[in-house]
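Visitor: Here is how the chains run, residue by residue.
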Amino acid sequence: MSAKIQIKNFNLWYTDFHALKDVNISVEEKRITAMIGPSGCGKSTLLRAINRINDTIEGVRVNGEIIVGGKNIYSENTDVDILRRNVGMVFQRPNPFPISIYENVAFGLKVNGIASRKSVIDETVQQSLEAVLLWDDIKHKLKKSALTLTLEQQQRLCIARVIAVKPQIILLDEPCSSLDPVATQRIEELMIQLKDIYTIVIVTHNMQQAARVSRDTAFMLLGELIEFAETGKIFTNPNRKETDDYVSGRFG
Amino acid sequence: MKRKIDSIIEAIIFVCGILSIIFVALIFGFLLKEGFAFFKEFGVIGFITGDLWYPTSDPPKFGILPLIIGSLFVTAGACVIAVPIGVMSALYISEVAPKGVRDVLKSFVELMAAIPSVVIGFVGMVTLVPLVRTIFDIPTGLTAFSGSIMLAFMAMPTIITISEDAIRSVPWSYKEGALALGATKWQTLHRIVLRAAMPGIIAAIMLGIGRVVGETMAVMMITGNAAQIPYSIFEPVRTMTATIAAEMGETVRGGMHYRSLFAIGLVLFLITFIVNFTADLFLGKTKK
Numbered sequence: 513m514s515a516k517i518q519i520k521n522f523n524l525w526y527t528d529f530h531a532l533k534d535v536n537i538s539v540e541e542k543r544i545t546a547m548i549g550p551s552g553c554g555k556s557t558l559l560r561a562i563n564r565i566n567d568t569i570e571g572v573r574v575n576g577e578i579i580v581g582g583k584n585i586y587s588e589n590t591d592v593d594i595l596r597r598n599v600g601m602v603f604q605r606p607n608p609f610p611i612s613i614y615e616n617v618a619f620g621l622k623v624n625g626i627a628s629r630k631s632v633i634d635e636t637v638q639q640s641l642e643a644v645l646l647w648d649d650i651k652h653k654l655k656k657s658a659l660t661l662t663l664e665q666q667q668r669l670c671i672a673r674v675i676a677v678k679p680q681i682i683l684l685d686e687p688c689s690s691l692d693p694v695a696t697q698r699i700e701e702l703m704i705q706l707k708d709i710y711t712i713v714i715v716t717h718n719m720q721q722a723a724r725v726s727r728d729t730a731f732m733l734l735g736e737l738i739e740f741a742e743t744g745k746i747f748t749n750p751n752r753k754e755t756d757d758y759v760s761g762r763f764g
Numbered sequence: 136m137k138r139k140i141d142s143i144i145e146a147i148i149f150v151c152g153i154l155s156i157i158f159v160a161l162i163f164g165f166l167l168k169e170g171f172a173f174f175k176e177f178g179v180i181g182f183i184t185g186d187l188w189y190p191t192s193d194p195p196k197f198g199i200l201p202l203i204i205g206s207l208f209v210t211a212g213a214c215v216i217a218v219p220i221g222v223m224s225a226l227y228i229s230e231v232a233p234k235g236v237r238d239v240l241k242s243f244v245e246l247m248a249a250i251p252s253v254v255i256g257f258v259g260m261v262t263l264v265p266l267v268r269t270i271f272d273i274p275t276g277l278t279a280f281s282g283s284i285m286l287a288f289m290a291m292p293t294i295i296t297i298s299e300d301a302i303r304s305v306p307w308s309y310k311e312g313a314l315a316l317g318a319t320k321w322q323t324l325h326r327i328v329l330r331a332a333m334p335g336i337i338a339a340i341m342l343g344i345g346r347v348v349g350e351t352m353a354v355m356m357i358t359g360n361a362a363q364i365p366y367s368i369f370e371p372v373r374t375m376t377a378t379i380a381a382e383m384g385e386t387v388r389g390g391m392h393y394r395s396l397f398a399i400g401l402v403l404f405l406i407t408f409i410v411n412f413t414a415d416l417f418l419g420k421t422k423k
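From first to last, the protein sequence lines stand for chains A and B. If you count by the working numbering, then the first sequence holds residues 513 to 764, one letter each, in order. If you count by the working numbering, then the second sequence holds residues 136 to 423, one letter each, in order.
If you're looking for bench data, these hints aren't it; they were derived computationally from the structure. Quick caveat: nothing in here was measured; it's all calculated off a predicted structure. Do not rely on the hints blindly, as some may be mistaken.
Quick list of in silico lysine to aspartate or glutamate cross-link-like pairs, DMTMM-like style, CA-CA up to 20 angstroms [stated by the list, open to error]: (1) LYS678/A with GLU742/A; (2) LYS241/B with GLU230/B; (3) LYS622/A with GLU382/B; (4) LYS520/A with ASP756/A; (5) LYS678/A with ASP692/A; (6) LYS320/B with ASP591/A; (7) LYS533/A with GLU701/A; (8) LYS542/A with ASP567/A; (9) LYS678/A with GLU541/A; (10) LYS656/A with ASP634/A; (11) LYS320/B with GLU541/A; (12) LYS320/B with ASP756/A; (13) LYS583/A with ASP593/A; (14) LYS320/B with GLU588/A; (15) LYS196/B with GLU382/B; (16) LYS707/A with ASP567/A; (17) LYS234/B with ASP567/A; (18) LYS678/A with GLU311/B; (19) LYS678/A with ASP634/A; (20) LYS234/B with GLU588/A; (21) LYS622/A with GLU635/A; (22) LYS533/A with GLU700/A; (23) LYS678/A with ASP591/A; (24) LYS651/A with ASP634/A; (25) LYS320/B with ASP634/A; (26) LYS707/A with GLU742/A; (27) LYS707/A with GLU686/A; (28) LYS320/B with ASP567/A.
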């Protein structure tokens, strides 16, 4: 199978702080890859490097390559807007825009010029909300503000918003950390459904979550990739002692 | 002993706090007293819809329609100029400008707010008024249009600072979310940031309008002070505020003319109260 995302000798600095050190990972297509590690290990930073959303932070410098769809996204002729359309992102705290539910999903279609005819937009909005199993609950209140939804619904909406622009890759940055266990389980089920269509990379604080949903797992520590292997191996028979200590709860 | 000092200090603070309410109530009471004395004799409808303001002729005519329209023209003109420029500046300062430029701009905007209105009026009188006269080839440059331009300068600092606060308080997560969906910086700004900040921006505009409606000195110096109903913004007008300021010195205390000026003050108070109240409503909305 071909590698969807190849991260090669990737380094990142926040001004003087060396946050990612020579990271190398190949993420495979149409499966869920998890990134775990203690707070501050750089897993979120690495995730945020894949759609270049780190660019918005002042003082960020990078070195090395991240290849998405055969192209180095850090080369000079990368169109960041197109990249971000192909590589969607769901954030830690649900961040629906303070506009209607419908407009939240239609936003990506409009700004990317994917669709302008109302019938096409209507259809995509419905499909996207159906894909995240939200349609039946909210189809009668599409015009209501997205902020009126529950946190879980908001997070589903954020996923629907990403799906609407038909990305190939979805990055999830601790998507369940502000949800209760029941909502978390339901979002996990959703992720497992979505992996048949999308390549998913998830950063999580919750080791059980990584074990439950992912096929491959990367363990990071202090900005370095310690180990990257199949999830089963990472959790039962890791090569490195640090990984073993972390997954068995000795630190972190 | 300690407790006693505490209660004394508490009492002093209480008095200071209550004083501002008392002052407003006293001013309002005084306005009401004189204004109502006038309305009792002359009537409200005739006052507001009358199109002639001849307070010293015999019999006197107290129609403030020309003054209301004068205030309206100047205010509307100032808004048309100040709102787009003010909101754009706020957007530039909060979202686009590099840090150094931002700091310089912000201090200039604050400086702008500190210019006394008489200075603005004076500068307008010697620079803008002749310019307007020659450019538009009209008999006098003392017009509603000139007043609007100068007043726009006075409304802008309010509009800029408050809008900027509103724009900057839009959560970063909204911007991040929009950018992550492939929106360009500009799309993010006008589709998400501006929309999220809109209640605050409307409040800013309202407070700016409040300042313009109540402004006296500058308009008195550059709008020509003709108490007639204008048919275009290139005619001289007289505002309600300028009328009060110009005529108060020549009235007889307690007379009809004197009281009519208080009645104008009452109308003005009502207008600014509504404007400020609307602003408060919108500011309250942003905080939720």
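Visitor: For each hint given before, does the structure comply? Return the numbers of the non-compliant ones in rising order.
Guide: Structure breaks hints 1, 3, 4, 5, 7, 8, 11, 12, 16, 20, 22, 25.
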